[in-house]
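Peer 1: Letter by letter, the chains look like this.
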Amino acid sequence: MHGYANPTRFLSLASWLTPLLLVSGAVLTIGALAWGLLVVSPDRLMGETVRILFIHVPSAWLGMGGWSGIAISSAALLIWKHPLAAIAARAIAVPGMVFTAICLATGSIWGRPTWGTWWVWDGRLTSMLVLLFLYAGYIALAQASARDGGSIKIPAIFGIVGAINIPIINRSVVWWNSLHQPPSLTAGKSAIDGEFLVPLLIAVIGFSLLFGGVVLMRMRTLIAEMQVEARLRRRALADDGPQNQPIQRRRVRDA
Amino acid sequence: MREALNQWDYVTASYVVAISSVLTLILWAWRAMRSAEKRRDEVKRK
Numbered sequence: 001m002h003g004y005a006n007p008t009r010f011l012s013l014a015s016w017l018t019p020l021l022l023v024s025g026a027v028l029t030i031g032a033l034a035w036g037l038l039v040v041s042p043d044r045l046m047g048e049t050v051r052i053l054f055i056h057v058p059s060a061w062l063g064m065g066g067w068s069g070i071a072i073s074s075a076a077l078l079i080w081k082h083p084l085a086a087i088a089a090r091a092i093a094v095p096g097m098v099f100t101a102i103c104l105a106t107g108s109i110w111g112r113p114t115w116g117t118w119w120v121w122d123g124r125l126t127s128m129l130v131l132l133f134l135y136a137g138y139i140a141l142a143q144a145s146a147r148d149g150g151s152i153k154i155p156a157i158f159g160i161v162g163a164i165n166i167p168i169i170n171r172s173v174v175w176w177n178s179l180h181q182p183p184s185l186t187a188g189k190s191a192i193d194g195e196f197l198v199p200l201l202i203a204v205i206g207f208s209l210l211f212g213g214v215v216l217m218r219m220r221t222l223i224a225e226m227q228v229e230a231r232l233r234r235r236a237l238a239d240d241g242p243q244n245q246p247i248q249r250r251r252v253r254d255a
Numbered sequence: 001m002r003e004a005l006n007q008w009d010y011v012t013a014s015y016v017v018a019i020s021s022v023l024t025l026i027l028w029a030w031r032a033m034r035s036a037e038k039r040r041d042e043v044k045r046k
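These protein sequence lines are chains A and B, in that order.
In terms of this note's numbering, the first sequence opens at residue 1 and continues consecutively.
In terms of this note's numbering, the second sequence opens at residue 1 and continues consecutively.
A few of these clues could be false.
[What the hints assert, rightly or not] Label pairs and their computed distance ranges (CB to CB):
id, chain 1, residue 1, chain 2, residue 2, range
1, B, Asp9, A, Leu17, 35 to 45 Å
2, B, Glu42, A, Arg9, 31 to 41 Å
3, B, Val16, A, Arg171, 24 to 34 Å
4, B, Ala13, A, Thr8, 38 to 48 Å
5, A, Ser108, B, Arg34, 44 to 54 Å
6, A, Pro183, B, Asp9, 26 to 36 Å
7, A, Ala191, B, Arg39, 27 to 37 Å
8, B, Trp28, A, Ser108, 48 to 58 Å
9, B, Ser20, A, Pro182, 48 to 58 Å
[Said to hold, decoys possible] Okay, derived cross-link-like pairs now, DSBU-like style, lysine-lysine, Cα gap no bigger than 35 Å in a straight line:
id, chain 1, residue 1, chain 2, residue 2
10, B, Lys44, A, Lys153
11, A, Lys189, B, Lys38
12, B, Lys46, A, Lys189
13, B, Lys38, A, Lys81
14, B, Lys38, A, Lys153
15, A, Lys189, A, Lys81
Quick caveat, the hints were computed from the structure, so don't treat them as lab data.
Beta carbons: idealized from backbone N, C-alpha and C, even for Gly.
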């Protein structure tokens, strides 16, 4: 893991991995969505709206998976001081927030014909909305920390504390009464018919690969911005001449 | 009076929201990456 702490080594890996993830993700996603839209038959209870499953479930998975990624990266930053961990956490935040918003929007659209309402303040929907706000807070905090030179530990602690919401989202339909259906996929068991399950799993893999591609692009962006900033700062210091350099550096040079 | 619901309207709306959001996200991330890497190369060359 620490082998990829070197940005040069990471960038050489990311340069070929980024298009690979994006292309394979696009192929699988388009295939799964076409299968879900055109091939599978309507559900006995939900009718045609069951097709929303193929975008709603992957986006819910990636919204929660994204925050889990932020929490793991934040822990890696605080425990092992891995240099790329803070960049990875920042890179995950925007795609994670977008997929959480897609999950909420598609869930709301699905709720109208299925439950007769766009929104209810139940455990699952509310905890998912809290996740969206957590993403917004994390993005603001990480940007402020990067811009003002604040401690990178603060967004990291926020990322770890915010992970408390993930098991709450997961168990919300078990703990509280909800219009939302109970978990359909649990360890080793599925309540979903095979006709829906196969395209659903392909859609989850496809969207996850796209998510990975976007995260790599965000990491490359953040690394490039940091490299520009570091180079400009070094150049400004060199241009200032020895009279404006920090006293300690001048002493070392004079000695 | 019963409200007539065309389920395909909801399916279409969901797919449009999701696909347009994901495409915008990919395009935005790709353009930001290209512009940041181009700027890094320019600064390196100067």
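Peer 1: Evaluate each hint against the coordinates.
Peer 2: Hints, verified against the model:
no., hint, verdict
1, Asp9(B) <-> Leu17(A): 35 to 45 Å, "holds (39 Å)"
2, Glu42(B) <-> Arg9(A): 31 to 41 Å, "violated (23 Å)"
3, Val16(B) <-> Arg171(A): 24 to 34 Å, "holds (32 Å)"
4, Ala13(B) <-> Thr8(A): 38 to 48 Å, "holds (45 Å)"
5, Ser108(A) <-> Arg34(B): 44 to 54 Å, "violated (34 Å)"
6, Pro183(A) <-> Asp9(B): 26 to 36 Å, "holds (28 Å)"
7, Ala191(A) <-> Arg39(B): 27 to 37 Å, "violated (51 Å)"
8, Trp28(B) <-> Ser108(A): 48 to 58 Å, "violated (23 Å)"
9, Ser20(B) <-> Pro182(A): 48 to 58 Å, "violated (31 Å)"
10, Lys44(B) <-> Lys153(A), "holds (30 Å)"
11, Lys189(A) <-> Lys38(B), "violated (49 Å)"
12, Lys46(B) <-> Lys189(A), "violated (60 Å)"
13, Lys38(B) <-> Lys81(A), "holds (29 Å)"
14, Lys38(B) <-> Lys153(A), "holds (30 Å)"
15, Lys189(A) <-> Lys81(A), "violated (38 Å)"
Hint compliance for this structure: hints 2, 5, 7, 8, 9, 11, 12 and 15 are broken, all remaining hints hold.
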